[in-house]
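Q: Residue strings, one per chain:
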Amino acid sequence: MKKKTWGIMFATLMAFSLVLAGCGSNNSNSGSGSSKTLKVWFMGTSDTVTPITKMYEEQNPGVKVEVQAIPWDSAHDKLLTAVASQNGPDVVQMGTTWVPEFAAAGALADLAPYIEKYPNLKAENFYDGAVQTGQYDGKTVGIPWYVETRALFYRSDLLADVGYPEGPKTWDELKAASQKLVAKGGAGHYGITIDSKDQITAAIFAWQNGIDFIDDQGQPHFNDPKYVEAINYLKSFYDEKLTPSGTDLDTVAAFKDGTIPMFISGPWMIQTIKDKDPEIDGKWTVTTLPAKENNQSAIGGADLSIFNYSKNKDEAAKFISFMSDKEAQLKYYETSNSLPALKTAWDDQAFQDPMIAAFGKQLETSRPAPQIKEWETIAQSVISSFEQITIGGADTQTEMNKLNDKAKEILAK
Amino acid sequence: MMREFAKQWNKNKYPYMFIAPAVLLLVVFSIIPIVIALVISFTNMDLVGLADYSNIRGVGFDNYIRIFKDPVFLKALFNTFIYVIVGVPLVVICAMAVALLLNYGTSWLFKTFRVIYYMPSITNIVAVAVVWGYLYNGSYGLFNYMLSWFGIPAQQWLQDPTLAKFSLILLALWKAIGLNMIIFLAALQGIPRSYYEAAEIDGATGWKKLRYITVPLLSFATFFVTITTLIGWIQFFEEPFVMTKGGPLNATMSLALFIYNNGFKLSNFGYAASGSFVLFVIIILATIVQFAVRKKEVEY
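Chains B and Z are the protein sequences, given in the same order.
Heads up: the first sequence begins at 4 in the numbering used here, then just goes up one per residue.
Heads up: the second sequence begins at 185 in the numbering used here, then just goes up one per residue.
Derived from the structure by calculation, the hints contain no laboratory data.
The structure displayed is predicted, hence computed values, not measured ones.
All C-beta atoms, glycine included, are put in the ideal place defined by N, C-alpha and C.
Check before you lean on any hint, since a few could be wrong.
Unchecked claim - Under 10 angstroms between C-beta atoms, here's a sample of chain B residues computed to sit facing chain Z:
#1 Q71
#2 G261
#3 T380
Said to hold, decoys possible - DSS-like, lysine-lysine: derived pairs with alpha carbons at most 27 angstroms apart:
#4 B:K405 <-> Z:K197
#5 B:K200 <-> Z:K449
#6 Z:K359 <-> B:K409
#7 Z:K197 <-> B:K411
#8 Z:K392 <-> B:K409
#9 Z:K253 <-> B:K200
#10 B:K409 <-> Z:K253
#11 B:K200 <-> Z:K349
#12 B:K334 <-> B:K321
#13 B:K316 <-> B:K39
#14 B:K81 <-> Z:K197
#15 B:K409 <-> B:K125
#16 B:K200 <-> Z:K393
#17 Z:K392 <-> B:K405
#18 B:K238 <-> Z:K349
#19 B:K405 <-> Z:K259
#20 Z:K429 <-> B:K411
#21 B:K409 <-> B:K200
#22 B:K409 <-> Z:K259
#23 B:K416 <-> Z:K449
#24 Z:K191 <-> B:K405
#25 Z:K259 <-> B:K411
#26 B:K416 <-> Z:K349
#27 Z:K392 <-> B:K238
#28 Z:K429 <-> B:K81
#29 B:K416 <-> B:K334
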């Protein structure tokens with residue numbers, strides 16, 4: 004009897020310890036042995052990158068690239084966990100806005116020694132704005148992988164009807180065109196959507212108005228008259244009902260019915276509109292953003308970084324170098340429609356398309372979001388103050404004073 | 185002393201062994217994390233601190249002082265209060281009502297409806313959010329379409345700060361009824377028929393049977409449902425997270441979402457941990473109050 008009880012106890016404990024061991028399965032097999040496994044984390048879906056990693060495996064026998072695709076929504080949590088456990092991939096794709104935060108935490112390796120070794124990684128190969136996204140505190144921690152920027156999508160037929168066949172070129176024209184479109188379309192029609200949930204929207208208009216809202220010394224200028232003017236310009240679209248205040252209007256459908264004839268978005272929307280709105284083929288196009296003092300847009304996309312806890316840094320650098328080849332960059336454009344960060348890739352036939360070319364042109368006047376680790380926190384405040392002004396009806400100057408104080412407090416910490 | 189302990193241990197070792205696996209799991213996955221979170225809540229831990237523990241500094245009660253000055257936190261506290269006050273009674277009453285109605289018969293129709301009412305609670309919240317997102321859509325949602333039959337203007341279900349809160353409550357109610365209904369159904373079936381027969385002989389009407397037999401005998405189930413629902417609503421998270429992200433103007437921000445945002449989006453772990461302790465204390469207090477006001481068990 005007694006023996007039997009002990010046996011059951013033992014079996015139960017063993018079962019539990021197996022379960023526990025299963026939870027914490029470690030993956031430290033990378034870095035040992037002759038056949039190497041390179042762990043790579045990509046955001047999005049894996050079918051866009053596996054064709055490229057296959058190419059790498061063919062060129063480098065004995066190396067196995069293990070791709071893990073992580074949905075963008077959960078990627079940040081996943082990276083946090085990796086930093087906490089100091090156990091993660093060798094190469095990681097970083098959303099450009101995350102680079103400062105993770106670089107500050109020391110999670111991204113300094114790439115300087117590898118840039119000397121692999122000429123592919125040199126800064127001059129890539130768009131300036133993209134290179135800046137991989138810099139933190141004077142160090143290079145990310146190599147541009149793909150880029151995106153925001154440009155203006157518009158219904159060329161509807162805009163031609165109100166006198167802007169080329170699309171609006173200035174802020175004043177954008178406003179006037181919207182007013183005319185709404186007057187012509189009647190109830191339920193808008194001029195343009197302003198994505199108030201996107202942290203970069205307000206930033207773009209502020210830059211265009213010539214204000215650097217966080218200067219080189221790290222001082223915020225959200226209550227500067229120029230920033231306030233940019234916000235008031237956007238606010239006027241809400242006040243005059245030129246933009247929908249709800250966020251649940253489906254852009255793709257509204258673009259098709261012409262109820263929203265203009266919107267600002269990234270290159271991924273080209274394919275979406277082509278697929279979902281074939282009815283309006285030839286009746287829409289893309290152009291650079293309307294200008295105030297300039298027509299700057301925001302550059303984003305992703306960089307490739309080496310995780311500081313990787314034991315395979317040399318192999319990882321070699322892989323990143325391969326990913327910066329023209330061939331790999333073009334392949335990725337083919338599989339994912341993401342625009343290459345490599346400048347020479349743009350000579351390719353594929354980029355002669357006028358819509359893509361518009362993005363290419365916009366990239367020349369695009370800059371990254373402030374490269375400070377506090378930006379994500381400040382951006383949340385920017386979004387909520389913008390909401391307070393446009394939906395909550397707060398006074399712009401008062402709200403911006405508050406925002407500026409908040410930003411100062413965040414930056415001072 | 186030692187011998188005394190050994191003797192005691194020897195006498196009781198089997199019960200200890202039997203609860204050991206449960207206690208072990210509880211300690212590893214609940215108690216230790218709670219203690220760690222308590223420690224973290226007194227530090228300035230962020231992503232930099234997470235990567236290298238030497239960067240963590242103790243800040244005393246600073247996080248707790250700051251959090252009670254944070255307008256977003258206070259808003260979340262208020263919203264959570266509204267969710268609980270409105271949501272808990274609604275769930276308990278609706279689940280009980282549905283269970284009573286389903287208990288009237290055993291034909292295939294009643295069985296089918298049991299499944300229909302239970303379905304929402306096993307459906308993935310993200311799928312639910314997508315479908316309800318369409319129902320609530322301001323321009324082509326079903327709800328606004330139905331309102332248009334009666335000439336009522338379209339509502340901004342998820343964009344209007346006041347309405348959004350109640351839109352989420354409605355969604356959560358729909359989702360919560362199923363599970364609680366099952367608990368009530370099980371309790372209903374445990375009430376002996378003889379009580380009703382005796383009451384009928386005494387000439388009790390349907391309403392009186394409900395009032396004096398069914399509801400009192402459901403008191404334990406009601407207590408259980410109330411406590412679990414209350415805790416669930418205090419930790420209200422999934423619905424605002426997938427439907428509104430706490431907007432518009434933080435009108436749907438709940439305490440749990442506030443903690444998530446600070447902890448995992450902004451990496452302010454210390455600050456978020458202090459928020460989670462405030463939440464912890466609230467839940468403990470609410471449960472103690474519940475136990476205190478609970479009436480004596482009804483037995484016939």
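Q: Taken at face value, is the distance from the CA of K349 (chain Z) to the CA of K200 (chain B) at most 27 angstroms?
A: Roughly 19 angstroms between the alpha carbons, so the hint for K200 (chain B) and K349 (chain Z) holds.
Q: Check the hint pairing K200 (chain B) with K393 (chain Z) against an upper bound of 27 angstroms on the C-alpha distance.
A: Violated - the C-alpha atoms of K393 (chain Z) and K200 (chain B) are around 55 angstroms apart, more than 27 angstroms.
Q: So if I understand the rule, the pair passes when the alpha-carbon distance is 27 angstroms or less; does K405 (chain B) with K197 (chain Z) pass?
A: 63 angstroms, violated
Q: Taking 27 angstroms as the top limit, are the C-alpha atoms of K392 (chain Z) and K409 (chain B) close enough?
A: 61 angstroms, violated
Q: Given the hint that K416 (chain B) pairs with K349 (chain Z), test it: the Cα-Cα distance must not exceed 27 angstroms.
A: 34 angstroms, violated
Q: Between K429 (chain Z) and K411 (chain B), does the CA-CA distance stay at or below 27 angstroms?
A: Distance of about 25 angstroms is within 27 angstroms: holds.
Q: For K334 (chain B) and K321 (chain B), compute the direct alpha-carbon distance and say whether it is at most 27 angstroms.
A: 18 angstroms, holds
Q: Measure nothing beyond the straight line between the CA atoms of K200 (chain B) and K449 (chain Z); if it is 27 angstroms or shorter, mark the hint as holding.
A: 15 angstroms, holds
Q: Hint check: is the beta carbon of Q71 (chain B) less than 10 angstroms from a beta carbon of chain Z?
A: 19 angstroms, violated
Q: Taking 27 angstroms as the top limit, are the C-alpha atoms of K316 (chain B) and K39 (chain B) close enough?
A: Distance ~12 angstroms between K316 (chain B) and K39 (chain B) Cα, so the pair holds.
Q: Next pair to validate is K392 (chain Z) with K405 (chain B); report whether the Cα-Cα distance is within 27 angstroms.
A: 61 angstroms, violated
Q: Hey, K392 (chain Z) versus K238 (chain B), does the alpha-carbon distance stay inside 27 angstroms?
A: 61 angstroms, violated
In the structure shown, a violation is registered for the earlier hints numbered 1, 2, 4, 6, 7, 8, 14, 15, 16, 17, 24, 26, 27 and 29, in ascending order.
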